[in-house]
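These are the residues of each chain, in order.
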Amino acid sequence: MYGMVMFVILTVFLAGLMVGRTPEYLGKKIESYEVKLAAITVLAPNAVILIFSAIAAVTTMGLSSLNNAGPHGLTEILYAFSSAAGNNGSAFAGLNANTIFYNCTLGITMLVGRFFIIVPVLAIAGSCAQKKTVPISSGTFMTDTLLFGVLLVGVIIIVAALTHFPSLALGPIVEHFLMQNGVAF
Amino acid sequence: MTTETSMKRISTFNNQMLVTAFTDAFKKLNPRLQVKNPVMFIVFVGAVVSTGVLVTEPFSGFVFQITLWLWFTVLFANFAEAVAEGRGKAQANALKKSRSQTTARLLVGGVEKKVPATELQKDDMVVCEVGDLIPSDGVVIEGIASVDESAITGESAPVIRESGEQRSNVTGGTKVLSDRIVVRITSSQGNTFLDKIIGLVESAKRQKTPNEIALTILLSAFSIIFLLTVTTLPAFVQYSEGRAGSPESTLMTLPVLIALLVCLIPTTIGGLLSAIGISGMDRLIRKNVIAISGRAAEAAGDVDVLLLDKTGTITLGNRMASEFLPAPGVSVERLADAAQLSSLADETPEGRSIVVLAKEKHNLRGRNLTEQEATFIPFSANTRISGVDIHLTHAQDRRIIRKGAFETIRQYVEQQGRVAFPQPVQKTAEEIARRGSTPLVVVENNEILGTIELKDIVKGGIKERFAQLRQMGITTVMITGDNALTAAAIAAEAGVDDFMAEATPEDKLNRLRQEQAEGRLVGMIGDGTNDVPALAQADVGIAMNTGTQAAREAGNMVDLDSNPTKLIEVVETGKKLLMTRGALTTFSIANDVAKYFAIIPAIAATLYAVGAKSGPLAALNIMQLASPQSAVLSATIFNALIIIALIPLALRGVEYKPIGAAALLRKNLLIYGIGGLIVPFIGIKLIDMIIVGLHWV
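Going line by line, the protein sequences match chains A and B.
Numbering-wise (the working numbering), the first sequence opens with residue 1 and increments by one.
Numbering-wise (the working numbering), the second sequence opens with residue 1 and increments by one.
Just so you know, the hints here were simulated from the structure itself, not pulled from any lab data.
Hints are not guaranteed to be accurate.
[Unchecked claim] Straight-line Cα separation of at most 25 Å, DSS-like style, residue types lysine-lysine; simulated pairs:
(1) B:K455 with B:K361
(2) A:K29 with B:K667
(3) B:K287 with B:K566
(4) A:K131 with A:K29
(5) A:K132 with A:K29
(6) B:K114 with B:K96
(7) B:K36 with A:K36
(8) B:K89 with B:K36
(9) A:K29 with B:K657
[Stated by the list, open to error] Computed footprint of chain B on chain A, listed as stretches where at least three residues anywhere in the stretch have a Cβ under 8 Å from a Cβ of chain B:
(10) 4-12
(11) 18-24
(12) 43-54
(13) 101-107
(14) 115-128
[As the list claims (entries may be wrong)] Derived contacts from chain A toward chain B, CB cut-off under 7 Å, selection only:
(15) A57
(16) A91
(17) G94
Please read all numbers here as calculations on a predicted model, not as lab measurements.
Built from N, CA and C at the ideal position, the CB exists for glycine as well.
One chain only, chain A, in its complex shape (with noise of 0.2 Å):
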């Protein structure tokens, strides 16, 4: 839910700027210090799970757990860590986790993916309870539509699609054209 929020947020100004009015979100001004915070509850979660991801395909540290060959041992690792970030925490059976590498990789991952996502949430909460509620105007941009809903969908899937395509392309998307060709591991 606050993670959507933020999303919402980004969407907002995007929506507001395109509309050619300082956007607003339940009659609050989203100002740059809102989309700096939204921006960082977007940023941090993936970038642990990019930086670690990267490290565990590359050390011996990393790919000692793996008990599958090929992209799907990349698959494995990339869905550790953002299941991590996203305070799930599950793993492939054929990722070893109980390792001090994975331990404390995931465990931080965990940590950034729940604080770094809390504290910026409070913090445009406390922001925003002290601004004034801007009244409803026919300028103003609505926030219950199907139209906003669509772009909401549309920014949430190109910002997780452009920051993780290439890594996915690498892990589950190849392994999917692999298995189309009868290759599986």
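Given the coordinates of chain A, assemble chain B onto it according to the supplied hints.
Showing chain B alone in chain A's frame:
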């Protein structure tokens, strides 16, 4: 060559401007300037690193081309900024030239002395005669003159400037066309209006606006994400290569990674961001509105409530006689005759309109009355009455005609001993007031003749303008000193949403504060000194150039044409500014999808290849680009060229139509979102075909 024609000449692109912009683009390669724009700084650093690789390693035509296009990307962004600045600079130079060449005729103890205009001090007295340029800002303290203000307003019709309360402000750089005036200088050097304009058009003091800052943060965040994506990529590729047993990819080189990074970070909007901001200010200047800060220009797009002074803004300012309404038993001709006689010496527009109406409607010609025949009583603020005493040969035939507001005349006749005021006349006067007009009662020798209706003429087309503002989501509030009845009628005729009658300066300020306390952004248009507190308090204060010096100082925008309906364009410019940024950001991010589909298959195409030449990820090469090299290069070239292609859009701005936020968003999403997804697929494919055709790779 006058400044006016020079302004017209530079308003369109010309070759010289483009050449200047071209050289400026190279001058802007200074790292200290580049670092101000985080996105473009990454490109700059990338280009430097890529050049390093090019010179230290054995020559590669492919690396050379990538490096070349990376530099082009930086230069194109600089070029966009330089073009945007170019117009302003040319205008500023023309203005500076006119100032430095002016000599002032300084009055020292009644003796004239010629000094350069740049040496004038505050409170100096200068003389200006026909053909002289007024050396600096000041107030006319003696004389009257017609002044050509086209240098600052672009308006070629001369204006009258005279000593007194109103119309006494003169601006440095304007030209005296007739007569002689003495001006007291009110601004110290470097602080004049002309200096401010020069500073603004040179954008020396241009600050980033709040939305621009927020957007820069967002763009930086995107850049960091992509920086991480690209820097972690080699690790994933290395893993995959190890697992697949494929040979090391020849494309996992530093220049290719830099090219990928540059393609992904939002360079399109990053490169055009400052050009958009500069051109926004420039658009205002070309509409003859000087924004004291970029913040004000942007805030104008956000205005929720607009407070407008009635007189001169909504109405023409002068009330015109529209009808004679005689009292019972009095002929309309007699009323018209008396009204005309009493107004013959009245030089106010109202007075003249009475004479004209009598002539047009009742064929009464203006007569000449000599001073022996008549004594004119001019209107004074004390008596609030005007008229004429006509001395005829017989003393008893004296005609004493007076006209004035209903209340004033009633008091006047009561003083003269007549108590009963005809009921129908009172009724007519009330009706006139209800229509939004002003009743003037005419009395001759203590006999009430009737009423003249003075109509407040609402400006043509203003109703449509307010309708447009309403569509934009802006509430208009008319402020007037009139009574509630008159105000309501005019408000209805003009189509404003709300009005404030019998408003004092404190009332204006209170209303403004109240609106702001409710969270609205308030715009205020005014010209008088009594508007100063409200202009200063308003989020967007637009002062009329004809207004007093204090009013011009208090506002954060000055309308040189003094045409308040132009506010719509000011609001539109503010909105365009935001929309152009939003649209290009969306476009820039949407472009990335296509670039991924070009570069990722190129880098990873041979991975996990089972016997065949290309691996499974070649399936992602949906554009069927010729080779991995051509794919990387095409994406980089597209990324650079799109900046150039979008410069006109950045300078012109995205079109704004008041069709409501949802419709506007749908339209812009369709054009810049979906368009941003599709265009690069086509563009990259085309470039790929061209460079393969040219055998570049």
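Results of checking the hints against the structure:
1. Between the alpha carbons of K455 of chain B and K361 of chain B the distance comes to roughly 16 Å, so the proposed pair stays at or under 25 Å and holds.
2. With a C-alpha separation of about 23 Å, the suggested pairing of K29 of chain A with K667 of chain B holds against the 25 Å cut-off.
3. For a cut-off of 25 Å, the pair hint linking K287 of chain B to K566 of chain B stands: about 8 Å separates their Cα positions.
4. Between K131 of chain A and K29 of chain A, the direct Cα distance comes to roughly 8 Å. Compliance with the 25 Å bound is thereby established for this hinted pair.
5. A threshold of 25 Å between alpha carbons decides the hint, and for K132 of chain A with K29 of chain A the separation of about 8 Å falls inside it, so the pair holds.
6. Proximity of K114 of chain B to K96 of chain B is assessed by CA-CA distance (about 20 Å); at most 25 Å being required, the pair is judged to hold.
7. The hinted pair formed by K36 of chain B and K36 of chain A meets the criterion: a straight-line CA distance of about 17 Å does not exceed 25 Å.
8. Restraint check: the Cα-Cα separation between K89 of chain B and K36 of chain B comes to about 21 Å, which is no more than 25 Å; the hinted pair holds.
9. Of the pairs offered as hints, the one joining K29 of chain A and K657 of chain B holds, with about 23 Å between alpha carbons and a cut-off of 25 Å not exceeded.
10. Beta-carbon proximity to chain B at under 8 Å applies to 1 residues in the region 4-12 of chain A; the threshold of 3 is not reached and the given coverage is violated.
11. Check result for the region 18-24 of chain A against chain B: holds, 5 residues qualifying (beta carbon to beta carbon below 8 Å, three or more required).
12. Counting residues of the region 43-54 of chain A whose beta-carbon sits less than 8 Å from any beta-carbon of chain B gives 7, enough to reach three: the coverage restraint holds.
13. Judged by the Cβ-Cβ criterion of 8 Å, the region 101-107 of chain A is not covered by chain B as claimed, because only 0 of its residues qualify and three are needed.
14. Coverage of the region 115-128 of chain A by chain B is violated in this model, with 0 residues showing a Cβ closer than 8 Å to a Cβ of that chain against a need of three.
15. Of the supplied interface hints, the one on A57 of chain A holds, with its beta-carbon coming within about 4 Å of a beta-carbon of chain B, less than 7 Å.
16. Evaluation of the A91 of chain A hint against chain B yields a violated restraint, the C-beta minimum of about 17 Å exceeding 7 Å.
17. Restraint check, G94 of chain A versus chain B: the minimum CB separation of about 14 Å is more than 7 Å; hint violated.
Of the hints listed earlier, those the structure fails to meet are numbers 10, 13, 14, 16, 17, in rising order.
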